[in-house]
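If you're matching them up, the sequences are chains A and B in order.
The numbering of the first sequence is this note's numbering, which starts it at 10 and goes up by one.
The numbering of the second sequence is this note's numbering, which starts it at 384 and goes up by one.
I should point out that these hints are in silico values taken from the structure, not numbers from a laboratory.
Mixed in with the good hints, there may be bad ones.
Listed next, the stretches of chain A that the computed footprint assigns to chain B, with coverage defined by at least 3 CB atoms under 8 Å from CB atoms of chain B [as the list claims (entries may be wrong)]:
#1 24 to 33
#2 103 to 114
If you only want the chain A side, here are some residues facing chain B, beta carbon under 8 Å, derived [stated by the list, open to error]:
#3 Leu11
#4 Ala16
#5 Tyr18
#6 Gly19
#7 Lys206
#8 Ser211
Since this is a predicted model, take the numbers as computed values, not measurements.
C-beta atoms are modelled at their ideal positions from N, C-alpha and C, and glycine is treated no differently.
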Amino acid sequence: MLHYFRALYGIVTRELWRFLSQRGRFLAALVRPLVWLFIFAAGFRSALGIAIIPPYDTYIPYEVYISPGLIGMIQLFNGMQSSLSMVYDREMGSMRVLLVTPLPRWFLLVCKLLASTAVSIMQVFVFLLIAWFYDIQAPLQGYLWILPALLLSGLMLGALGMLLSSFVNQLENFAGVMNFVIFPMFFLSSALYPLWKMQESSELLYTLAKYNPFTQAVELIRFALYGKINDDALLFTAVSLVVFLLLAIWGYNPSKGLMPRKQG
Amino acid sequence: MRSNVSAVDKHPGLRVTHLSYAYAKKTALDNVSFQVDRGSCSILLGPNGAGKSTLFSLVTRLYVASEGTIEVNGKNLRRSTYKALAKLGVVFQQTTLDMDMTVIQNLRYHSALHGLSRKQARIRIEQELLRQRMFDRRHEKIRQLNGGHRRRVEIARALLHQPSVLLLDEPTVGLDIASRQSMVEHIHQLATQDNLAVLWATHLIDEVDDSDQLIVLHQGRVLADGWVTELLHDYNADNVSELFQQLTMLEQAA
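Input sequences plus hints: build the corresponding full structure.
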């Protein structure tokens, strides 16, 4: 048991340290949502009127609406990026060091996920801090409530990335997958516009967006930030996490999964 | 196959029996059997594509073999997976250290993976780094070290959890001649000092020492397995290079 705990501690510390020592990656992770917040949202606010919808109980500026979506975006990118690093690690070998560890493989993969989620939560809080000074402020207890939500959504998006990484054998392919996964997931979600707005223009897009796990993660975060629980989103995100995680663990299983096909 | 396994060595360090593995279409390993005893160094010699990497992937459990068994220190890799892996130290072909972390951070990570306590880790890291003559450089980042020094850190890492089997996958790739020679000597010393079963994969014939055991792998099959001196005598060859040529020619003729 102690062995499990020590390994978890080791894997998480390594990931955090690696993230903090790569300043470029830290900056990029922050600049992306900030560009959306400062430029896109500022330009877009006049084009879109937001009605009063839960969890908000008043009219809100567009920047406030989009912030939970951008938090989701941070976690989405982080999840994909850390699985990208798993593909890289596998090619370069440090993933192999991890996999010869005398512990069950599912546990090692869960540790990896927890580590990358910890990194994403750090990014999110730096983003929230900057947003605070930009007058996007949630009730104080919201900053506490958001933690479990971020843990769940981060794990779910990370598990999705891990699942993809178990299918893809080369870095180049993975870049393509990222474009085909990140963009549709982000734009077909409630991150940038409320779902009812989308329903006005297309019922099909609305349905797709509604069953997009990313939408559910964003809604979970949005409600949590205002101290509320969105039951549907919670359930949907949790179920997605379980499904993605099981598939990813299967994908990394040395005898049944997809690993053996990797070698050319 | 080999006659001089002494009766005392009831637990060979590494034993591979009837191991076969195929990728989608190509057979990579075909009924491979051999054993490496503790305290000795076995060279797994074969050209690129002979199946060395596949063999290493199976022993390190990146994949699981469809047929055959692998035992590490008497523990079956399939049935007692974690007990077997706990006794295995590996130096992979490519550098697998974190470049932007220091020597000691890399080793601490590895100690954590193997469940060493903080105190145990500190003691073991110090011991191994002193042995590899890298203790003074423990706070340097891996990126600042040259290839030979990185390899030494990797050997220290592979030995941290006190394994009984040490696997080295072409460990001298990218090293200059002097570092290569010192590494060959050093690993031989380790095998005796620590009573390690060393399996050293290479395609470089000059890394074979006369005192070694030699396993020749070619197109997924073991062509020869025995002490170097015996094999040279049996095949009436002057040196390993000639022996290797003879074996592969015989194989092609067959």
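Please verify that hint: A/Ala16, Cβ, nearest Cβ of chain B, below 8 Å or not.
-> holds (5 Å)
Satisfaction of the A/Ser211 interface hint, Cβ to chain B closer than 8 Å | With Cβ-Cβ at 43 Å, over 8 Å, it is violated.
Within 8 Å of chain B's CB atoms, at least three CB atoms from the segment 24 to 33 of chain A: coverage verdict = Contact hint for the segment 24 to 33 of chain A vs chain B: holds, 4 residues under 8 Å.
Chain B contact restraint on A/Leu11 - CB to CB distance below 8 Å | holds (7 Å)
Go check the segment 103 to 114 of chain A versus chain B for me, would you? Three or more residues, Cβ under 8 Å, otherwise it fails.
-> Coverage by chain B holds for the segment 103 to 114 of chain A (10 residues, Cβ < 8 Å).
Interface hint compliance - A/Tyr18 to chain B, C-beta minimum distance less than 8 Å = holds (6 Å)
For the hint on A/Gly19, just tell me whether its beta-carbon gets within less than 8 Å of chain B.
-> holds (2 Å)
At a threshold of 8 Å, is the proposed contact between A/Lys206 and chain B supported by beta-carbon distances?
-> violated (45 Å)
Taken one by one, the earlier hints fail for this structure at numbers 7, 8, listed in ascending order.
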